[in-house]
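> Please arrange chain B on chain A, whose structure you already have, making use of the hints.
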Amino acid sequence: MMRLAATTLLLCACAFAGCKREQRVFDPGSSGSQIANGVAVNEVHAGGSVSIPEHGPYEESAYAVGEGKRLFSAFNCAGCHNHGGGGIGPALMDAKWIYGSHPEQIYSTIVQGRPNGMPSFAGKIPDYQVWELVAYVRSLSGQLPTDVAPGRSDEIQVKKAEQAKKKEHSPDQNPQKIQKGQP
Amino acid sequence: MILVHVPGFPGNQTSLNPVGPGAERIEGEFALIFWITAIVYCLVLIALVVYVLRRRHSLNIMPEPMPTTPQSDRWAKVAVSGAMVVTVLLLFIMMIGSFVTGHALGNMNRETAYTIDVYGHQWWWEVHYPNDEPDKTVVTANEIHVPLGVPLRIHGTSRDVIHSFWAPNVQGKRDLMPGYETDVMMQIDQPGRWRGQCAEYCGEQHAHMSFYMVAEPGPQFQQWLSQQAASSVPPSTPQAVRGQQVFLGHACVMCHTVRGTPAGSRVGPDLTHVASRSTIAAGLLPNTIGNLGGWILNAQSIKPGCRMPPNHMTGSELQDLLAYLETLK
Numbered sequence: 001m002m003r004l005a006a007t008t009l010l011l012c013a014c015a016f017a018g019c020k021r022e023q024r025v026f027d028p029g030s031s032g033s034q035i036a037n038g039v040a041v042n043e044v045h046a047g048g049s050v051s052i053p054e055h056g057p058y059e060e061s062a063y064a065v066g067e068g069k070r071l072f073s074a075f076n077c078a079g080c081h082n083h084g085g086g087g088i089g090p091a092l093m094d095a096k097w098i099y100g101s102h103p104e105q106i107y108s109t110i111v112q113g114r115p116n117g118m119p120s121f122a123g124k125i126p127d128y129q130v131w132e133l134v135a136y137v138r139s140l141s142g143q144l145p146t147d148v149a150p151g152r153s154d155e156i157q158v159k160k161a162e163q164a165k166k167k168e169h170s171p172d173q174n175p176q177k178i179q180k181g182q183p
Numbered sequence: 184m185i186l187v188h189v190p191g192f193p194g195n196q197t198s199l200n201p202v203g204p205g206a207e208r209i210e211g212e213f214a215l216i217f218w219i220t221a222i223v224y225c226l227v228l229i230a231l232v233v234y235v236l237r238r239r240h241s242l243n244i245m246p247e248p249m250p251t252t253p254q255s256d257r258w259a260k261v262a263v264s265g266a267m268v269v270t271v272l273l274l275f276i277m278m279i280g281s282f283v284t285g286h287a288l289g290n291m292n293r294e295t296a297y298t299i300d301v302y303g304h305q306w307w308w309e310v311h312y313p314n315d316e317p318d319k320t321v322v323t324a325n326e327i328h329v330p331l332g333v334p335l336r337i338h339g340t341s342r343d344v345i346h347s348f349w350a351p352n353v354q355g356k357r358d359l360m361p362g363y364e365t366d367v368m369m370q371i372d373q374p375g376r377w378r379g380q381c382a383e384y385c386g387e388q389h390a391h392m393s394f395y396m397v398a399e400p401g402p403q404f405q406q407w408l409s410q411q412a413a414s415s416v417p418p419s420t421p422q423a424v425r426g427q428q429v430f431l432g433h434a435c436v437m438c439h440t441v442r443g444t445p446a447g448s449r450v451g452p453d454l455t456h457v458a459s460r461s462t463i464a465a466g467l468l469p470n471t472i473g474n475l476g477g478w479i480l481n482a483q484s485i486k487p488g489c490r491m492p493p494n495h496m497t498g499s500e501l502q503d504l505l506a507y508l509e510t511l512k
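Going line by line, the protein sequences match chains A and B. Note that my numbering gives residue 162 to position 162 of the first sequence, counting from 1, and the numbers run on in steps of one. Just so we're on the same page, my numbering is the position in the second sequence counted from 1, plus 183.
What the hints contain is simulated information worked out from the structure, not anything from laboratory work. Check the hints yourself; a few may be wrong.
Said to hold, decoys possible - Looking from chain A toward chain B, a few residues come up when the C-beta cut is under 8 Å (computed):
1. Asp-27
2. Gln-34
3. Pro-103
Claimed, not checked - Just the calculated beta-carbon pair ranges, DEER-fashion:
4. B:Arg-376 <-> A:Ala-6: 58 to 64 Å
5. B:Phe-282 <-> A:Pro-119: 54 to 60 Å
6. A:Leu-4 <-> B:Tyr-384: 33 to 39 Å
7. B:Phe-282 <-> A:Gly-86: 38 to 44 Å
8. B:Gln-428 <-> A:Cys-12: 56 to 62 Å
9. A:Cys-12 <-> B:Glu-387: 25 to 31 Å
Please read all numbers here as calculations on a predicted model, not as lab measurements. For each residue, glycine too, the CB sits at the ideal point set by N, CA and C.
In isolation and in its complexed conformation, chain B is listed as follows:
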């Protein structure tokens, strides 16, 4: 337990650095199995080395069968049956530990949990924050802001093939199946950005299907939520106005939503507040103006097979479009 339970074990996207009760349970079970198997492995190796060393002088000749006596036979019986009993006992300890862990993870369900809807797409994550008032429903992508220390219910399904939602620091995996809705409970007790990843092979860009869970204190989260619920601000500069025309007049509008404009398609990520997100292309690239420009012009050279088509536009059109997207805070 000492090695595994070092607080602040380095690393993001590792289950050895749990930041919530779910991952802590899983890590505890991992530590139990790790230490039992490690100790048994070491004991077996030590016994092997000791007996090899004791008989090292007789190794260069054909070894004689060891003479047996009724006494030694009895000892051998005791040793073998003792080892069997210990083995079965240890297996039972691990099995009971696994059962207790599974039971505890299953018991995390809370009526009051904060619900977030997650939809897996090839190859990005659609995130909804449902609200009783439909105009306050927040739709975003790939960046899941959550309140700190609050039980969360991730309500997930898939829009195409089987994906698996896995933020190792927070909770175990949960498969998202098309046509089947699933709930997984989690909680984050440590502020920060915890990286997650699709954990079920889902096509060419499975490796580039990541997300971040951003845990922040309650008031900060509420502020983020109300800011995300707002429609986009109409562009003010002439360049951004032209950029909006480019957005609405090109292929962008066929797949993306910008709330507050006629663009309302739900095929690609919602871009209403795209500039407030820190990454593009499902955590693949930092959200800089250069990356965004390259992504728009030819996403296929960055993430081959993704659903974003290459877009032809003139330099000035691209600059206007980027200026407009930068205003979508």
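Isolated chain A, as found in the complex:
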């Protein structure tokens, strides 16, 4: 009798463990699907600092990070950065960040572009997809929780999956200054 009760309890626990599924937001709403518009990248820079929209809970969503991983290949980020190892562009899986590793800083880098080759994607990518890319890029150096980072790759394994990546550095210990509006 005790064994039956214990088994039932265990099965119920298993069933309830499945209840907490993360929500997948397919339609990011009107603000999220706005095209990410940075400033025009030239030396004539009018006005004050650029407002960077608030980012949603993308770093807590495995789906968003997975989408970011898909977009990383789809938008050919891998063409220069390789799958994190770098090539034409700098590596993204190490602790060296030329323009900062904060989500906002990576956002600005994608939207505004950077000298020596990083193009500006202003006007080309919806805002929420930029944040998904940001979340994925941060997972490359192990800055996201392991339950969020992608667990496997479709490519030939030359490196550990993002999930198994050890944390390269903690941005909170050594915060880099956010320079809003500086292209």
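Below, chain B without anything else, positioned relative to chain A:
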């Protein structure tokens, strides 16, 4: 065979209306199994009803065990072993039929077959018509025009998860696996638009991953092919010119190709001749200007989970873009 082989059995996307040798073979095997099992089922039911009726008067009392004699025992033995022999024989007939069908489908391979490459995507079909001259390679989506009465080789693989290519009127299913290329032979002998569907669950929008095989006579097909191989015509009206700028300046250009413009990404369907296709969103909606506008603004409300993001644009930008897309015949 009579019921199943009615010519022109109604219905598209049904294997009971075969329009090619592959589906005819499959339907023949289906008819064989159907009629054998149907006749056996009816005989068993008739025997049951007859014996129930014969002993209906004794049903309200506890039935006595039937008295047996050596004679009846012998008959029972003969009946049971006879039924077993017939069962095994029928199973063998069905098995041999299945073997012959599989063998015939495997023997459809022809050196001269016309090759079409099909790539499964979540949730649409990318179609290539390879050509020795690379600039004549045709890339389209979800609408597979084929020449009538010509052996076809569908050379397929997947770009993400496992899909299954299935046009029931034409041929059986063939799974398309990522990282593995497969060939399936088919032929269509009846002109028309034959609907097909992904037959392997592949994610949220699996049900909305359909395609059409459009069978047309050889000259008509060649005309379609040469028209599809051409680059897009530069827009002529001012509105279409503005629409092209919208296309190249917005998110469209990140995923779609329009040959003849700088847009050359291969993530979404090739839009060089999008206006010549009859449906959008993998056969989900008819290709009308209204549907296209709704699709561009918020595809997620039509096909949740698909890879097309919602796009924000002003009314005039959308009108210009639609005018431009309409010119992509």
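> A separate judgement is required for each hint: does it hold in the structure or not?
Status of each hint after checking the structure:
1. Asp-27: Since the shortest Cβ distance to chain B is 4 Å, the answer is holds.
2. Gln-34: holds, 5 Å
3. Pro-103: violated, 20 Å
4. B:Arg-376 <-> A:Ala-6: 58 to 64 Å: Given a distance of about 60 Å, which is inside 58 to 64 Å, the answer is holds.
5. B:Phe-282 <-> A:Pro-119: 54 to 60 Å: Given a distance of about 59 Å, which is inside 54 to 60 Å, the answer is holds.
6. A:Leu-4 <-> B:Tyr-384: 33 to 39 Å: holds, 36 Å
7. B:Phe-282 <-> A:Gly-86: 38 to 44 Å: violated, 56 Å
8. B:Gln-428 <-> A:Cys-12: 56 to 62 Å: At 60 Å between Cβs, range holds.
9. A:Cys-12 <-> B:Glu-387: 25 to 31 Å: holds, 29 Å
Taken one by one, the earlier hints fail for this structure at numbers 3, 7, listed in ascending order.
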